[in-house]
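Visitor: Please model the entire structure based on the sequences and the hints provided.
Given next are the chains, with one letter for each unit.
Number of protein chains: 2
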Amino acid sequence: MNFHSKLVEEAVDSISRLPGIGKKTALRLVLHLLKQPKEESQSLSESIIKLREGIRYCSECHVISDTLECTCRNMVTDESIICVVEDTPDVLAIRSTGQYNGMFHVLGGRISPIDGIGPEELHIESLMGRIDESNGSVKEVILALSGTMEGDTTAFYITRLLTGKEIRITTIARGIPVGGELEYADEVTLGRSITTRTLFSQE
Amino acid sequence: MNFHSKLVEEAVDSISRLPGIGKKTALRLVLHLLKQPKEESQSLSESIIKLREGIRYCSECHVISDTLECTCRNMVTDESIICVVEDTPDVLAIRSTGQYNGMFHVLGGRISPIDGIGPEELHIESLMGRIDESNGSVKEVILALSGTMEGDTTAFYITRLLTGKEIRITTIARGIPVGGELEYADEVTLGRSITTRTLFSQE
Numbered sequence: 008m009n010f011h012s013k014l015v016e017e018a019v020d021s022i023s024r025l026p027g028i029g030k031k032t033a034l035r036l037v038l039h040l041l042k043q044p045k046e047e048s049q050s051l052s053e054s055i056i057k058l059r060e061g062i063r064y065c066s067e068c069h070v071i072s073d074t075l076e077c078t079c080r081n082m083v084t085d086e087s088i089i090c091v092v093e094d095t096p097d098v099l100a101i102r103s104t105g106q107y108n109g110m111f112h113v114l115g116g117r118i119s120p121i122d123g124i125g126p127e128e129l130h131i132e133s134l135m136g137r138i139d140e141s142n143g144s145v146k147e148v149i150l151a152l153s154g155t156m157e158g159d160t161t162a163f164y165i166t167r168l169l170t171g172k173e174i175r176i177t178t179i180a181r182g183i184p185v186g187g188e189l190e191y192a193d194e195v196t197l198g199r200s201i202t203t204r205t206l207f208s209q210e
Numbered sequence: 008m009n010f011h012s013k014l015v016e017e018a019v020d021s022i023s024r025l026p027g028i029g030k031k032t033a034l035r036l037v038l039h040l041l042k043q044p045k046e047e048s049q050s051l052s053e054s055i056i057k058l059r060e061g062i063r064y065c066s067e068c069h070v071i072s073d074t075l076e077c078t079c080r081n082m083v084t085d086e087s088i089i090c091v092v093e094d095t096p097d098v099l100a101i102r103s104t105g106q107y108n109g110m111f112h113v114l115g116g117r118i119s120p121i122d123g124i125g126p127e128e129l130h131i132e133s134l135m136g137r138i139d140e141s142n143g144s145v146k147e148v149i150l151a152l153s154g155t156m157e158g159d160t161t162a163f164y165i166t167r168l169l170t171g172k173e174i175r176i177t178t179i180a181r182g183i184p185v186g187g188e189l190e191y192a193d194e195v196t197l198g199r200s201i202t203t204r205t206l207f208s209q210e
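Protein chains in written order, with the working numbering: chain A, 8 to 210; chain B, 8 to 210.
Hint data in this document are derived by calculation from the structure and do not stem from the laboratory. Note that beta-carbon positions come from the ideal geometry of N, C-alpha and C, so glycine has one too. Mixed in with the good hints, there may be bad ones.
[Unchecked claim] Heads up, simulated BS3-like pairs for lysine-lysine below, C-alpha to C-alpha not over 30 Å straight-line:
1) A:57 / B:45
2) A:31 / B:172
3) B:31 / B:45
[Unchecked claim] Calculated Cβ distances over 10 Å to all of chain B for the following chain A residues:
4) 26
5) 55
6) 73
7) 138
8) 182
9) 195
Guide: What follows is the structure, given as structure tokens:
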């Protein structure tokens with residue numbers, strides 16, 4: 008596309024580098040910004056800079072935070088469990104279920120050789136450090152990773168590191184979603200939901 | 008959503024104010040920016056500010072431009088026709104067909120009382136000015152507006168202003184798209200394509 012304007016071109020280029028946003032969407036956003044008052048663009052631009060410069064990661068659980076010590080400690084009532092997740096949104100999602108009040112550990116991704124991400128790029132060493140420093144107070148590690156090949160690889164890697172330690176390793180249940188129809192489930196999921204069936208409770 | 012981070016919250020708020028981007032997409036973009044090098048966020052932020060501060064509109068045709076005098080004059084070989092469009096992308100789209108080499112006039116929107124946009128908000132007066140100043144050299148006005156109620160309203164308004172002047176008023180053809188199946192066309196479009204049928208040519 009030729010816009011006859013360097014400024015528009017540059018803005019479209021920058022915006023379309025974001026994931027899921029193509030040139031056409033970027034142009035639509037640019038035209039929207041041009042129609043809004045100047046303050047709108049200013050606040051957008053400032054919040055992006057402030058975000059990138061100011062963001063910190065909790066030195067313990069690696070959750071995104073404004074300070075180096077996040078509020079994770081205050082919200083935890085059970086310090087015997089660590090839930091290992093890939094990224095910060097997973098923490099928010101699990102917290103919002105209200106079913107878990109243990110600790111979290113964000114890996115920052117998953118092992119994916121094709122993208123050049125090995126175990127060293129992830130916060131796996133610091134996970135081991137946390138477990139060792141706890142002097143046995145951590146009794147369980149929940150692997151809440153995505154159900155993809157990379158997620159499974161990461162789970163296997165962590166499991167291997169933990170063998171020998173007296174720690175229960177669990178993973179979140181895979182199965183038919185609540186409200187889901189059996190008919191539309193894929194075979195692997197349905198198969199797993201049968202092999203890992205649980206006792207029926209009437210609560 | 009509660010991110011336990013003011014910076015993330017502010018960035019998500021700003022980004023999700025853009026059209027077509029919700030809170031979840033905004034969070035995904037924020038997490039993407041955090042994983043990229045700092046320069047990426049910086050260049051995005053700068054290009055938005057530079058765009059908003061530096062952009063100008065051609066004083067004659069109102070196309071988005073970096074200067075007050077755009078390149079529109081140089082590209083025009085036929086100064087007897089003005090094609091009236093709603094926004095700058097329409098100019099780019101029509102130019103890229105290679106079927107038109109006349110002048111353009113961007114209205115900057117369409118008459119839409121429900122959004123508080125009356126004829127005064129659009130560049131209709133300057134269109135009349137251009138036609139009057141041309142001393143009769145403009146022979147035709149093509150109304151290339153969208154086929155919605157607001158587009159039609161705008162077209163009717165301009166037509167009324169032009170009555171009495173010796174100018175041919177045309178509109179782009181409505182009909183079945185090239186390669187389109189009759190079966191799937193809506194009745195109104197199909198009806199219009201019959202009433203405004205053209206002579207069959209074998210070129």
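Visitor: Of the numbered hints stated previously, which ones are contradicted by the structure, given in increasing order?
Guide: 2, 4, 5 and 6
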